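Here is what each chain is made of, one letter per residue.
Protein chains: 2
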Amino acid sequence: MTELITQLEAIVGSANVLNPEQVAQRAKHFWDPSPMVALALVRPVDTNEVSQVLKICSEHKQPVVTHGGVTGLVDGEKSNHKEIILSLERMQSIESIDPVNRTMTVQAGCVLQTVHEAATDAGLFYGLDLGARGSCTIGGNISTNAGGLSVLRYGMTREQILGLEVVLADGTILSSLNKMIKNNAGYDLKQLFIGSEGTLGVVTRAVLRLRPDTPTCNTAIVAFDNFDQVTATLDHITRTLNTNLNAFEILWNDFYHLSTNPDINGSTRAPLANDSFAYAIIEARGANEASDQQLFIQAMEAAIENALIADAVIAKSESERAEIWNIRENVDLTLRHQPLFIYDISLPINHMQTYLDEVRSTLQKDWPEVIVYAYGHLADNNLHVTIAPQPKNYINDPQQQPVKIQAFNDTQRVWYEQCNKTVFEPLAKLGGSISAEHGIGLLKKQYLKYSRTPEEIRVMQLLKKSLDPHNLLNPGKVC
Amino acid sequence: MTELITQLEAIVGSANVLNPEQVAQRAKHFWDPSPMVALALVRPVDTNEVSQVLKICSEHKQPVVTHGGVTGLVDGEKSNHKEIILSLERMQSIESIDPVNRTMTVQAGCVLQTVHEAATDAGLFYGLDLGARGSCTIGGNISTNAGGLSVLRYGMTREQILGLEVVLADGTILSSLNKMIKNNAGYDLKQLFIGSEGTLGVVTRAVLRLRPDTPTCNTAIVAFDNFDQVTATLDHITRTLNTNLNAFEILWNDFYHLSTNPDINGSTRAPLANDSFAYAIIEARGANEASDQQLFIQAMEAAIENALIADAVIAKSESERAEIWNIRENVDLTLRHQPLFIYDISLPINHMQTYLDEVRSTLQKDWPEVIVYAYGHLADNNLHVTIAPQPKNYINDPQQQPVKIQAFNDTQRVWYEQCNKTVFEPLAKLGGSISAEHGIGLLKKQYLKYSRTPEEIRVMQLLKKSLDPHNLLNPGKVC
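If you're matching them up, the sequences are chains A and B in order. All residue numbers for the first sequence refer to the numbering used here, where the first residue is 1 and numbers rise by one. All residue numbers for the second sequence refer to the numbering used here, where the first residue is 1 and numbers rise by one.
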């Protein structure tokens, strides 16, 4: 073991190989302050060093867990005391921006927000955005095929990636730094690594697709009386605003109520009365101030006239816009429930209401007080569902340190598994997914069968075995 | 061998196993009337039959070449007398359309135009379109990751596919008929099969993503004095029309000149004088008639005022629009050159002009009269380049039967290989691709090294070996 560490130090420098005590100084996770665990943490500075590190680890049959911003929600970043953490924190460079071809080449450790800012400085726009933008990295986004707030318009991370450089388990550098929208010269290998959660290779660099900026932004929050109004409004809005539509985020009443409840510390003002069935934040972006605003208002007016929505507030300023989005982004308010069971599912839109009704009524048999918060990217089929079986256990304190939300006691663990079954089983019947955008990691691995067939799982395992025959990259995760 | 045929007949019925003589009644290719060659042609009716056929072929170690519409341009469909053709011509069903989730589930043999019509009937739109729409199939589009005319707005075929069903070489049915925009439950296996040209599995069904219809369409043809104007106009137009922009097709002078030359049989009227440096067809689609037209005209006027374009004609009717597109789509006029060398390349936009200049000047050393036609999807980095080394050999006859364009005599074959080198070598330096949207097949396999690294090609071969260990599916193609 000492030999391995010595070899790693020779590659990256001894200051960049942290021992277990140094590793333990770090928080395990964005939401979990308990100490990080590993045999060592290695911090290469470039692709060449990553390649050498993986080559040495391969020779020693040493398992490696790659870390980006450590903001994942499925224990995909989890490591034990026998594993080495490969942290890309020193690989944060933006290497180039090409304004004509609209590409940005970055190292994988680059933080998402840094990419946004650099794109904006170049008069362009990067189409991926999510709540963890200040911490998550491009490499992590790629490894998890992150989704977020603009998927409706720009697609998932997969659709933002033109080129990719990956280091394989044996240290081979697989450089596919394509900069073009079209390239059908052989298999598109990058697709294999996008969304494979660090199990098939380590992403080291990427070519991102940039878009023309959208200087205008029109945002509204609307209220619905029933779910039929939700689907009718989505149909209406996508037809009238078409590709300018950037977000259609739903918030069912329980979540809206919590987020705007004046008794809750950290809540937001309610722009619409809190007794509606559900709410949606609708946002369009474009390039022409006058016509974009006019079309947006017309679309909202038509929705009210045709009784597709019960009420609406259109943001008249950037601060009103921020206030509307705060209602949606104030997810931390739910985290104060003890315990809280968090899900990120997808399913056909037309089944969403009956699905939620079924889940709620099943859970009420065991927990009559249960709250099922539901909100999310409805137009992308994606709901975030968080379940508080004992809602009276609410810590109404914004100063409360975040706690590892899945760190349950024995009773709670039994509840969690019971709740998982209740949430996942009906999804299987509906062709839904147990993970819309968070991935599988360790946390959902045992439930993968609800969304994928035995044949699919066997092919996943075959690919893993082919590309990482000694099972060294993020072992035990996904499949 | 008789045993294999008997077993296949037992699966699909004897009427659906064609013998070599029956196979020879068919044209080899869309553009080649010479007889098709195969040991047999098998026509299964559903996924289950495809699975049984492949299982039997696997047991006999029998190579299989899958056929869709046979409109490919890289000999990806080529078969020999020892191979069986698996034709999906009896698998043309549209199984379902889901208007709320905007999906269509089809069998792989369904023709693209049929999908367009069914989408339109449902008030929706399918985002892939290409010249061969009346013959090419969804399975072929998927296997080649087809591009075409709307990639700028909707992406390649890859971005239209939500779910995929594939049969593996051993007959395993891999069913991933996901209907949702977001699904990160494990590796996204469908990505492996999209664009792998039938070498990793046989696509049997797919779930297509549909979009809201875009009832308005504004089209113009514009003229440029130089290439700087082209890139400046692209920047201007994408910023002003943003995601409404549907096409930005460039036509350099030689191609425009041929296509609008009144002396050429089948040519089109020239809406703009034929002495400009280059031309572009610019098209936007949207949902609001008044504002879309106003913004389109404003964008064109601003381009003229700022001297980004030399001249422009905006279509005032559907027939004027069709006339403009005819100039671009009248590619058959170039095919009357004997010989003609056809390329489909991609490269960074800012290098396109110097690249074409270099290719032309190199070719002129051997063929002083050479014509280098260049046109295509500039905004997607994609140019179609067709090279006529002896332009005097032009058959000005629209009744001329199409001939297999790559069927060269010995001298022409030497020329072709020389031309390939001239076209491909500079692409390697520029990070360009030898195949933007047509694929590799057999025709470009030996040149794959110009666009992909040895490590990439090794990983392609590793994937092929893992999924098709006996090399039975479209053997010898791609890598």
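Take the hints with a grain of salt, since some may be wrong.
Heads up, the list lumps identical chains together, so a pair's fine if it works in one copy or across two of them.
As the list claims (entries may be wrong) - Each computed SDA-like pair below joins lysine to any residue, with the alpha-carbon atoms no more than 25 angstroms apart:
no., residue 1, residue 2
1, K429, I97
2, K465, D170
3, K316, L443
4, K28, S96
5, K465, E455
6, K55, N326
7, K392, P454
8, K28, Y450
Everything labelled a hint here was simulated from the structure, so no lab data went into it. Quick caveat, the model's predicted, so the values are computed rather than measured.
Q) Which earlier hints can't be squared with this structure? A) 3, 4, 6, 7 and 8
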